[in-house]
Amino acid sequence: MDEQLKSELRRQGVVATSIQELYNWGRKSSIWPLNFGLACCAIEMIATTMARYDLARFGAEVFRPSPRQADLMIVAGTVTKKMAPQVVRLYNQMAEPKYVISMGACAISGGPFKQGYNVLKGIDRFIPVDVYIPGCPPRPEALIDAFLMLQKKIDAQPLTGPDRPRFMQEGAPSEFTIPTFGAHDLEPTKNREIWSAPAEPALVHITNGNPNGRPE
Amino acid sequence: MTLEEIKTEIEANVPGCRLELIANGSPSGQLSLLVAPEHMLPVAIFLRDAAGLALDYCSNVTGIDWPVKEVSTKTKVKKLVDGVEREVEEVVKTQTGGYLEVVYHLYSMEKKHGPYTLRMRTEDRSERVHLPSLTPVWRSADFQEREVFDLYGVIFDGHPDLRRLLMWDEFVDHPMRRDYVDPDDYEYEPTAHDEVLQRARQHTSELGAE
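Protein sequences, first through last, are from chains A and B.
The numbering of the first sequence is my numbering, which starts it at 1 and goes up by one.
The numbering of the second sequence is my numbering, which starts it at 1001 and goes up by one.
Simulated from the structure, these hints should not be mistaken for lab results.
In this text the structure is predicted, and so the values were computed from the model without any measurement.
Don't be surprised by glycine CBs; every beta carbon is placed ideally from N, CA and C.
Among these hints, one or two may not hold up.
[What the hints assert, rightly or not] Chain B side only, calculated, beta carbon under 8 Å to chain A, not exhaustive:
hint	residue
1	D1065
2	V1068
3	L1162
4	L1165
5	W1168
6	E1170
7	F1171
8	P1175
9	D1182
10	P1183
11	Y1188
12	V1196
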């Protein structure tokens, strides 16, 4: 339907909409985050929900202490290798539709603890992440921005066709492999179905255009 | 009260105890007291219960790994060379380290003094790594001794619940030892600095692109 016509009708007191719009509006306007924090980022997440920043303005004031009642996981803080299986298990226990915000440098990549003996190099190795927020820790405004970004993402999802969200695709996984503890690292160290290491780009030497990246 | 005075007190009250003051080269110059492991328990009980000391609070327990290290020192020795006495430099090589060390920081809440630093050493780094636990003396040492056990592999005899604290139970080795080899899981990252980038390239060339 034509957007102009729609707003014209709106002015006359007639609301015209589609099932997709209504459904997505419902999904994005009452997101219930899971009530858990892993490290210092959790303090910023708590601040976001309190009176000064007031996440309730965007429809996400109900933090649930049970994964069965939550649909957004905010991974706020360092994910240690010892904690990673529990985080994946919590994600698996959440009901669809579910979303993940990876908050802070540690949850994205391990942050300052990357390559440490006990820190996972990013939660996206085991569960699919919708929005990443860089920062150490990110300010509450950044979390609100990520939240609005997630709402926009939900709003733009078509309900039919190949681009429909994962939980509407038959056979698409809603649970992911829970890693087990190995001798020195988690086993497996990453879920290859959803994550692969970035490849090193071929260097191009600026002066001679040699793709091998070495001056001749 | 200085640590020297405490040392004399201990020597007077715990008979046959081997003690050694360890100097500290830093500006603070805080000394620490090396205690022989077999005497550590009576020494600790004395420090806690003696009326004048009353070291009732153990604030910190930590571990140190001292791998075997060869130190060469040059000394000038007079020697007869071709019938003439000359000063010759001689290099003496000595081995230091080769043990694990545990450090305790003690305070007195009652007398308001401290900290005093106690140390004890294991015999080597592989087999004889047993030390007496001080958890029966100071309850606050419980988790910290578990941490030292977890990360350095010191076995505390007499600890009520000696399990790993930070790493999972299936973990082998002790990650804070100087000779711990971390798993080769280096991957390319856009912001890598030299060493990480080098190890990432090595990793990729060995295993192929993933």
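So, going through the hints one by one against the coordinates:
With a cut of 8 Å, the hint placing D1065 of chain B at the interface with chain A is violated, because the nearest CB-to-CB distance is about 14 Å. Annotation: interface hint on V1068 of chain B violated; nearest CB of chain A at approximately 23 Å, more than 8 Å. Annotation: L1162 of chain B was flagged as interfacial toward chain A, and the flag is violated, the nearest CB pair being 18 Å apart, outside 8 Å. This hint is violated: L1165 of chain B has a C-beta 10 Å from the nearest C-beta of chain A, more than the 8 Å allowed.
Restraint check, W1168 of chain B versus chain A: the minimum CB separation of about 4 Å is within 8 Å; hint holds. A distance limit of 8 Å between C-beta atoms decides the matter here; for E1170 of chain B the minimum to chain A is near 4 Å, and the interface restraint holds. With a least beta-carbon distance of about 7 Å to chain A, the hint placing F1171 of chain B at the interface is held under the 8 Å criterion. Because the smallest distance between the Cβ of P1175 of chain B and any Cβ of chain A comes to about 4 Å, under 8 Å, the interface hint for this residue holds.
Residue-level restraint check for D1182 of chain B holds (minimum Cβ-Cβ distance to chain A is 6 Å; threshold 8 Å). Taken as an interface hint, P1183 of chain B checks out: its beta carbon lies about 5 Å from the nearest beta carbon of chain A, inside 8 Å. Given the 8 Å rule on beta carbons, the hint for Y1188 of chain B holds: about 4 Å separates it from the nearest Cβ of chain A. With 8 Å as the threshold, the beta carbon of V1196 of chain B comes within range of chain A, its nearest partner Cβ sitting at about 7 Å, so the hint holds.
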